[in-house]
Amino acid sequence: MPKLSIPGFSSLVGQAATEKFDSGIILLMSPPGGGKTLYCRQMIIESLQNGSACIYINSSMTRKEYQNLFDTITDEKIDKLKFLNPYLVSTSNKESDPSASINEPKLSATLQEVQNTIDQWSSVTNTNTETTQESTSSLNDHTKYAIVLDSLTHMFTLFEEDKVLKFVNALSFLIKELEATALITMSGTQSSNGAILNKLSSIFDIVIEIEAQEDSDKIKRKLKLVSIKGGGGSKSASAPFNIEEDGKLKFESEASAKSKLSICGLCKAPILEEPEYYLDMPFHHNHVSIYMKLAGAFGQARVSDVGPSGVIDAAFFFVDVVGLSDPALSVRRQIEKIEALNDMIGHCDTFKKASDKRVLPTGDGMAIGFMLSPESPLQLGIDLHQALKKYNSHTNKQDGSFLDVRIGLASGSVFIVNDVNSNQNIWGPGIIFARRVMDVGDGGHILLAGPLAESLLALDDKYRSFVNLLGDFQVKHGQIIKIYSAYSPNEFGNSAIPGRFKS
Amino acid sequence: MTKCIAFHSYKGGTGKSTISSNLSATLARKGLTAVLLDLDVYAPSLQDYFQWQPQKSINDYLFENATVEEVIHDLSPVLNKFPSNNGEQSDSKGKLLVAFSSTSKDEIYKLDGAVRQEGSKIQLLRKFLMLREEIVSKYNADFIIIDTSPGIRYWSINSLAIADTILLSLKLDGIDLKGTRLLAKEIYDSLTKLGTKSYLLLNRAAGYCLPPNLSGENNSSNQELYKTTVDNQSTVISKLSADISMDTILSIPCYCDIQFDSNEFLTALRYPDHPFAGKIDALIEQLKKI
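Note that the protein sequences, when read in sequence, are chains A and B. Just so you know, the working numbering puts 119 at position 119 of the first sequence, and the rest follows in order with no gaps. Numbers in the working numbering are just positions in the second sequence, counted from 1, shifted up by 1000.
Isolated chain B (complex conformation) (with noise of 0.2 angstroms):
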């Protein structure tokens, strides 16, 4: 039975495009079918982010000038560029497919503009939920993996509501705990009501490395203040997770490495050594039990 998840964030930056396609590459590694859908649809990021310039797009699917096969790119070649941990390449049944939104500034503005008519509006929902239909009936995807836009938007919601379980990814900065309050009070209580699961999944949490200044023996009272701000960070987490009963599934520290490589690809297959990988696997367990 195919496993359908979105991330979703509050605001932009919040790493949903990084981790569901680390995620994506590393369940078609493990000899899973997993699904990429970029429904970005307002700011797409995955055609850079894989070097892949689609003839056709999720916006020409909706608008029925292609169909699901022409839209679905098989991406698994790819992961063949980096071998495993053990030396050993990925599991040749797993499948990596991905669908792009259109970067086209005048697709965008279509898409956008044909939402607020209500007989397009229409038509286009349902190519959107044949979408998914057509992806589990003709592709037999294990997963199927939503890089949603961040925010309250129409397709953000429809991502939202078409998915079994919701990813809320988030830095924690007070403007994203805020929104995140929100998002649960005013969106998120309607779907968990009707079975849709949701987690917390932090990124960029305060704990992984010590900045080199403070790693001094000397400098005890600067190890404290950031020991401080971990726990600190911690106690709003907990709080956070109460608040909005969401528990959290994964926490991602900040990876400088990460976070400042503008070259970042599939960080999880090409360092299968670095911690990140890890946390990805560990996502996926925790998305098996699901």
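With the rest of the complex left out, here is chain A (with noise of 0.2 angstroms):
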């Protein structure tokens, strides 16, 4: 089924809307240098790839220029594309003009144009239908048109403004009757255009606008949402895009935004579907209203501190393995040690029920980031301590077979990432930061760094009797950390002086 194209679209409305759009009139503004007229040919293009057949409007443009604007299209696709020029357009055929209101022969002209091209195609799928099979590279019953008109601005440096109007109003009837889709550019802004926009603001089922900004050598652009007929969306919604030096758009949202994973603005969580925006922050579907709600009743400053951020906070747990590198120890003995680990902490309760954590394999052992729980990493340490136990009640250190493991805990922000199988994982100082503390000890110990120990420490007093302050290390850089043990005799941890740190 040919269908059309409106780049960026689905980022601003989900990609359910988008795809339930299928007629209708888009306004585009854009300052000048925004990229209308690339946007245009980038809906003219994919359009016309995806089986649909476009006229497009343009009142400053030579044949020339379309053509070198266009040229990358085939022969084939070129023969659904029709341009016309107002300007240019031969005004002989006016008398059989249905639109004589118009009361401008170029206009009228143009807009029998369109009805003629439409006719015209119209005709050979007619016959395409009558004499062959459907073709998937003919015109069909089912093609879509797509008008683009660029731009309304320059429309008005040529003709007069009514008449513009009543042109823009006639062709808003036909788009209607051939259930097409029209894009119409202006130049401007929405505050700028503001009187034509209430002169037309009923033809138009969207409004969006491209923003762009100089940010050093080069133009940030954004495509953004000013209004939609019947809701949906959000207006703060925003694509942003990139010009090539091809002139092909390139919207981050559709081409990296779900590699570049969006936080929560409310729960700060991963958002794995469509995310909803507001304010510019992007938003589990479902948590929007409930952050405005809270936005409300807490006030804006207080609720931004449950608001958005580019990194979230998390409790890490990392272990690896001690001596699995030991040459004496066969690679048989080494995979063994490295399944019972991961058997062995699969079914720790801490980790079932976490809700909410990224495992992230290191080879001897692995890096856990557990998002809502600080008290998660310790208890899973003391669970698989005591899982060890048991193992290890049944090997003995002389054949290899006994596992030791060492733990490291520490807090803190880390990014989201994709990996290279398209993952989510997680990567920042955080992690690295267990890493350096588990780095610190020896087997059996599970050591925590200072911020992670305190606030524990802070929030229940259990934490009094068995989380002990062994001291400052200094780490990798020179860095200095803080480190405590965590031990109870018999039960779990390690109550020695980690080696390096008596060194």
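Wrong hints could be hidden among the right ones.
[Unchecked claim] Once the Cα atoms are required to be at most 20 angstroms apart in a straight line, the calculated PhoX-like pairs of lysine-lysine come out as: (1) B:1138 / A:353; (2) A:462 / B:1105; (3) A:199 / A:229; (4) B:1056 / A:353; (5) A:229 / A:176; (6) A:218 / A:248; (7) B:1138 / A:352; (8) A:462 / B:1110; (9) B:1030 / B:1081; (10) B:1138 / B:1056; (11) B:1288 / B:1030; (12) B:1056 / A:462; (13) A:77 / A:248; (14) B:1003 / B:1093; (15) B:1003 / B:1138; (16) B:1056 / A:352; (17) B:1239 / B:1171.
Treat the hints as calculated values from the structure; they're not laboratory data.
Could you use the hints to bring the two separately framed chains together as a complex?
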């Protein structure tokens, strides 16, 4: 089924709303240099590629300029693209113009040309369906039409305003009749075009604008939703894009927003579905209204405590198997140990119950980020030690089967990143810190970085009985960190001072 | 689609727990699934009300020490203790599910302390949002009924923000009336602008019983005084309702037998012919229309 393409639109209103929108009139506003014409080009090229037919109306462009603009389109596709310049259009057929009320021969002729082109394509459609089986490359009964008028502002310089408005009005009827989609562009912004917008407001189904800001040597552009009939989307939704050297628009939101995971402005959890935007912040679909309610109740300043962040805070558990790289240990034994560790952690209650966690295998162990509870890493360390006690009751140190691990815990910020398999992972200072802390320890140690230990001690008195301060330790790059050790004799942890600490 | 109703008030003692419990049980009796959440985290009372000591509480869920399945308790068998007014047992399809807040002093301190730290506060809020979402997705609840903390407090406002409908219960004393106006202006206004429905629920209103000393025929002046009190109350409510643009969804008179019954427990089921049961039915009908 041929489809129209509206570049960046799905990022503004979501995929479902984009798919529902299959006809209507869109107004695109943009400052000069914002990329209106290239946006039109992109819409036309993508719509042609999707099997639609397009009419491009541009009152400032010569045929040669038009050909240059669309020189990448194949001959086969170019048959489905009609270029019209109202200023250059022939007025010879104006007598049959059904829109004589426009009272401007060139505009009437342009409208007539639009109608003729559609009629011509329709007759090709009929011929095709009569003589051949449906061909994907030919127009067919389902052909969608896109009419692009670029730009209304320039038309005003050539024709009287009321005649242009009448032309747009007549064009809008044609578009509705054809169930087509039209893109009409204007230079300027919502406020500078206020008067015209008021006159044409009933015609436009969707109003979008390009915002362009100079940033050092390049222009940062984004497509924004201004209004949409019947609601939907968020007026703050925006889709950043770049114009590449070949003139193609590359939307970050479509090209990379899925890989650049959004964090919900309310709950700060990753957004796996299409985000909703409010005040330029992404949210889970059902969290926007709750955020707005809380902002209203607590005040914007206080609710911003739980506002957006490029990073998330988490508490980390870092574990590795002690002596895994010992050359005396067979590869089979190494694999057994890693599998045993994975299995034990997977069966720990704390691990099973934590609903928002990220696991990063590290080869000889793993890092686990707990997004919700700062207590989870230490509890997991304790669970794991208890499981290890059972496991090691059947092993011995002589044959290398004894499984010894060291554990480092820390809290801090991390970014959510995508790995090469497009899985969402975490990386950042919080996780590096946990690694550093773990590296200080020996087998059996559960070591905690100062900030995490201190927040646990403040949270619950129970930690005072088994979280013990070891002191300051200089880790890599001269960084000094306070280290605590969690232990309870014969239950978990290692009460000995770590070897590195002594040295 | 799940309807989420929060009972809130400016002051304590306005009957939120009693009415929300009776409402939830009556909904379940009618064959619906009602999940009652005790989110009066600072002064939880539903454990005592239902005489139920849960292994895991909402606090455990918020701190990731329990799953939603561990904190939602199926109290539907309680319904069978009470025959319906036509002598039948309750609709077996109905479910009364209850999640309790912890009554442990340490747990209450812990929760209170954690919301003062931004790191844990956001984590708790996230879990709180998940609680509603998990109840909706896993229990297919018809109603989530939230018994909130009174006043302007962190967890009560969060509870109001996740609710579709708020029932602001009040008695008709001066402090409560002033507090209700404050809540309406400071809190409810921003919620209702974003689609939350809010209604006044008058509890312990005058007009149910005529004090015995006034009932004699010779006490016409006292009866007149009583009538004036009831009329004044009506005027006060009309003015309040108009001032804060909130309709009254229900007016429950002061039923002394409930008010002073130290063992009040699901009166709406226990005494289905009691006018209080009729009031709960009327509330359900109103809620269904919202």
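Inset, instruction - Below or equal to 20 angstroms on CA atoms is what counts here, so check residue 1138 (chain B) against residue 352 (chain A). - result: holds (18 angstroms)
Legend entry - Pair hint outcome, residue 1288 (chain B) versus residue 1030 (chain B) [Cα-Cα no greater than 20 angstroms]: holds (13 angstroms)
Inset, instruction - With a cut-off of 20 angstroms on the C-alpha distance, tell me whether residue 1003 (chain B) and residue 1138 (chain B) pass. - result: With Cα atoms ~15 angstroms apart, residue 1003 (chain B) and residue 1138 (chain B) stay inside 20 angstroms; holds.
Legend entry - Hint consistency between residue 218 (chain A) and residue 248 (chain A) [alpha-carbon to alpha-carbon, up to 20 angstroms]: Roughly 16 angstroms between the alpha carbons, so the hint for residue 218 (chain A) and residue 248 (chain A) holds.
Inset, instruction - Quickly compare the C-alpha distance for residue 1056 (chain B) and residue 462 (chain A) to 20 angstroms and report which way the hint goes. - result: holds (19 angstroms)
Inset, instruction - Given the hint that residue 1056 (chain B) pairs with residue 353 (chain A), test it: the Cα-Cα distance must not exceed 20 angstroms. - result: With Cα atoms ~13 angstroms apart, residue 1056 (chain B) and residue 353 (chain A) stay inside 20 angstroms; holds.
Inset, instruction - Mind checking the alpha carbons of residue 1056 (chain B) and residue 352 (chain A) for me, to see if they're no more than 20 angstroms apart? - result: The given pair, whose Cα atoms are some 16 angstroms apart, holds under the 20 angstroms limit.
Inset, instruction - Given the hint that residue 1138 (chain B) pairs with residue 353 (chain A), test it: the Cα-Cα distance must not exceed 20 angstroms. - result: holds (16 angstroms)
Inset, instruction - Would you mind confirming whether the straight-line C-alpha gap from residue 77 (chain A) to residue 248 (chain A) stays at or under 20 angstroms? - result: holds (18 angstroms)
Inset, instruction - With a cut-off of 20 angstroms on the C-alpha distance, tell me whether residue 1239 (chain B) and residue 1171 (chain B) pass. - result: It holds: about 15 angstroms lies between the C-alpha atoms, which stays within 20 angstroms.
Inset, instruction - Take a quick look at whether residue 462 (chain A) and residue 1110 (chain B) sit within 20 angstroms of each other, Cα to Cα. - result: The hint holds at about 12 angstroms.
Inset, instruction - Mind checking the alpha carbons of residue 462 (chain A) and residue 1105 (chain B) for me, to see if they're no more than 20 angstroms apart? - result: holds (14 angstroms)
Taken one by one, the earlier hints all hold for this structure without exception.
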